[in-house]
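Full structure from sequences and hints, please.
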Amino acid sequence: MSKTLAPTTGKKGFWSTVFAQRELVIMSVPILLYKILFSYVPIVGWTMAFQNYKPAIRSIWKQKWVGFDNFVKLFTGLNGERFIRDIVNTLGQSVLTLATGYIFAITLALLLNEIRSTKFKRIVQNISYMPHFLSWIIVTGMVSVMLSVPTSGGIINDILMRFNLIKEPIMFLAEPKYFWGIVAGSHLWKELGWNTIIYLAAMTAIDPTLYEAAVMDGANRYQKMLYITLPGIKATIVVLMIMSIGMILEAGFEIQYFLGNGLVVDRSETIDIFVLTFGLQMGNYSLATVAGIFKTVVSIFLISTANFISGKLGEEKLI
Amino acid sequence: MEPKIEDVSIRIRHRKTDVENIVFTTFNTLIMITLCVVMLYPMLNTLAISFNDGLDTVRGGVYLWPRIFTLQNYRVVLKMDTIYDAFVISVLKMIITVVTNLFFTSMLAYTISRKEYVLRKPITTIFVLTMYFNAGLIPNYLLIKSLGMINTFAAYWVPNIISAFNLIVLRTYIKTIPESFVESARIDGAKEFRIFFQIILPLCVPTMATIALFVAVGSWNSWFDTLIYNSGKQYLSTLQYELQKLLASAMNAGNRTPAATGADAAAAAGGKNTTTPQGIRAAITIVTAVPILVVYPFLQRYFVTGLAIGGVKE
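First to last, the sequence lines map onto chains Z and E. The first sequence begins at 18 in this note's numbering and counts up by one. The second sequence begins at 431 in this note's numbering and counts up by one.
It is worth saying that the hints were derived from the structure and are not from the lab. Values in this document were obtained by computation on a predicted structure and should not be read as measured data. Misleading hints may appear alongside valid ones.
[To be verified] Among chain Z residues calculated to face chain E with C-beta under 7 Å, some are:
#	residue
1	M44
2	S56
3	I60
4	G296
5	M299
6	A305
[To be verified] Once the Cα atoms are required to be at most 25 Å apart in a straight line, the calculated BS3-like pairs of lysine-lysine come out as:
#	chain 1	residue 1	chain 2	residue 2
7	E	K575	E	K675
8	Z	K71	Z	K81
9	Z	K79	E	K575
10	E	K575	Z	K71
11	E	K575	Z	K81
12	E	K551	Z	K329
13	Z	K241	Z	K251
14	Z	K251	Z	K138
Cβ coordinates follow ideal geometry from the N, Cα and C atoms, glycine included.
Right, dumping it as structure tokens:
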């Protein structure tokens with residue numbers, strides 16, 4: 018009997034608990050409402066995807082409804098070609114960025130971990146963290162200088178020409194085939210040092226007796242790195258990789274916005290730039306919103322998948 | 431006899447590992463030095479160009495040290511009214527964002543760290559979900575517009591008073607504070623807000639410092655909010671946005687010729703016409719980058735621990 022009664026008492030209990038905890042409620046609920054306004058209410062704007070939205074008409078409800086027309090428009094005809102090209106660019110750039118990011122950050126963390134002098138290690142770490150704090154505007158500005166012709170400060174062409182690897186300077190920012198690499202390279206320069214922090218933190222958690230035991234068994238430095246350090250940070254690597262699956266459509270838009278130009282647009286334009294161009298420059302809010310929805314839906318699907326895989330592998334669930 | 435043989439083999443093995451160690455350490459050190467050079471060169475090069483005579487820079491070959499030293503670039507930059515105003519706005523924007531963000535994030539983190547709080551779960555879920563989706567550029571823009579915040583200073587900080595990631599980091603940290611601190615205060619009759627303000631907040635300083643750094647860097651480095659919300663009012667412009675405009679105009683004008691820009695005109699008005707867009711750009715880049723690079727060494731002992739905590743969710 019008491020069990021069947023439990024829900025009602027529970028409900029009654031809920032409101033009296035809320036009242037009893039009113040101070041906590043006052044401290045938290047306004048912030049919650051704020052968050053709902055700023056992060057959830059804008060989703061109402063997704064109705065634009067089903068309308069032929071005209072900014073001149075003020076109310077969102079007085080727009081003309083067009084069903085799934087905009088979705089069809091996004092994937093067919095000239096827009097479709099452009100959008101699919103942009104999906105390919107987004108995926109290509111982000112996969113290249115993630116792959117190089119992981120490989121270099123893990124390698125650097127392993128090498129940093131082998132430095133015996135704490136002072137030298139700290140200096141190297143501090144220098145490598147620095148670019149993380151610079152804005153993309155500054156970074157892309159530097160990248161464009163470094164990649165320019167030698168007389169404009171293009172150190173890369175300068176070095177290549179000095180070693181006689183090339184005769185004429187390469188116009189890196191004017192040739193489409195280099196663009197994905199430039200995106201990945203810029204990310205690498207900016208975030209490499211910063212990304213090692215989490216691996217180095219994981220390495221400090223490895224039991225030192227494992228290394229002692231390995232030395233007793235005659236393991237050398239490389240064997241210790243390969244069979245103790247690397248497995249010791251495996252869990253961290255796996256979690257970060259799974260988390261990045263959900264980020265695969267986030268190729269960033271700043272590099273593309275600043276360094277992209279008419280000559281390389283075929284390889285530089287990403288979904289974000291598409292949204293920006295159609296939304297802010299052409300005033301086609303509907304198509305921009307559809308592209309944004311596409312990106313969000315795919316991301317949520319990927320995150321759920323990642324979360325599922327993570328659970329299967331016995332790792333921590335992300336959500 | 432046996433021990434001797436073992437001795438010898440151990441000695442050989444030691445010698446082998448010694449050689450290996452030396453080779454490895456040498457290579458590793460070389461790699462690290464290369465890394466540092468690659469990381470530092472673009473920054474030092476910009477610094478050198480910012481102190482080098484503009485027309486001389488165009489000849490090329492300025493690497494790590496100015497060839498013809500001048501303060502002219504900085505003189506021109508610091509005389510530009512737009513840069514001065516933008517600097518003030520950038521600083522204000524950063525301070526207000528950091529203060530409001532720390533206050534609201536820590537207060538909410540405290541409430542959702544209380545195990546007995548009934549709304550703990552729903553609030554946490556609602557915030558965590560926002561880490562994974564975004565309504566998108568246009569809907570967000572329309573929200574800010576309908577709130578009447580276009581071309582106002584509010585558009586800089588109101589949308590940023592709390593972030594889900596920092597909330598989780600701080601909540602995880604607060605949970606490690608022994609319950610007895612809160613309980614004893616409660617027995618003494620302290621109200622929740624006082625417990626939060628006088629007991630929890632002082633204990634959170636290291637994590638708060640990390641979050642402050644992240645928020646400050648994010649605010650200082652942002653330019654997109656200026657572009658989409660506040661580009662209509664020059665007095666609301668930020669340093670990053672001014673730099674971006676300058677870089678964009680330089681890129682359109684073509685990098686190689688010292689095209690006449692506003693900066694050149696300003697220099698001409700100042701008397702000596704020895705500045706070029708390259709030098710001006712370098713000087714603004716340094717002015718924009720230095721505040722962050724100066725602050726971060728003081729906070730960096732905190733952020734490593736802060737990041738480690740952030741890695742451990744729930």
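Here is how each hint holds up against the structure:
no., hint, in the structure
1, M44, "holds (5 Å)"
2, S56, "holds (4 Å)"
3, I60, "holds (5 Å)"
4, G296, "holds (5 Å)"
5, M299, "violated (12 Å)"
6, A305, "holds (5 Å)"
7, E:K575 <-> E:K675, "holds (23 Å)"
8, Z:K71 <-> Z:K81, "holds (9 Å)"
9, Z:K79 <-> E:K575, "holds (18 Å)"
10, E:K575 <-> Z:K71, "holds (15 Å)"
11, E:K575 <-> Z:K81, "holds (21 Å)"
12, E:K551 <-> Z:K329, "holds (24 Å)"
13, Z:K241 <-> Z:K251, "holds (14 Å)"
14, Z:K251 <-> Z:K138, "holds (23 Å)"
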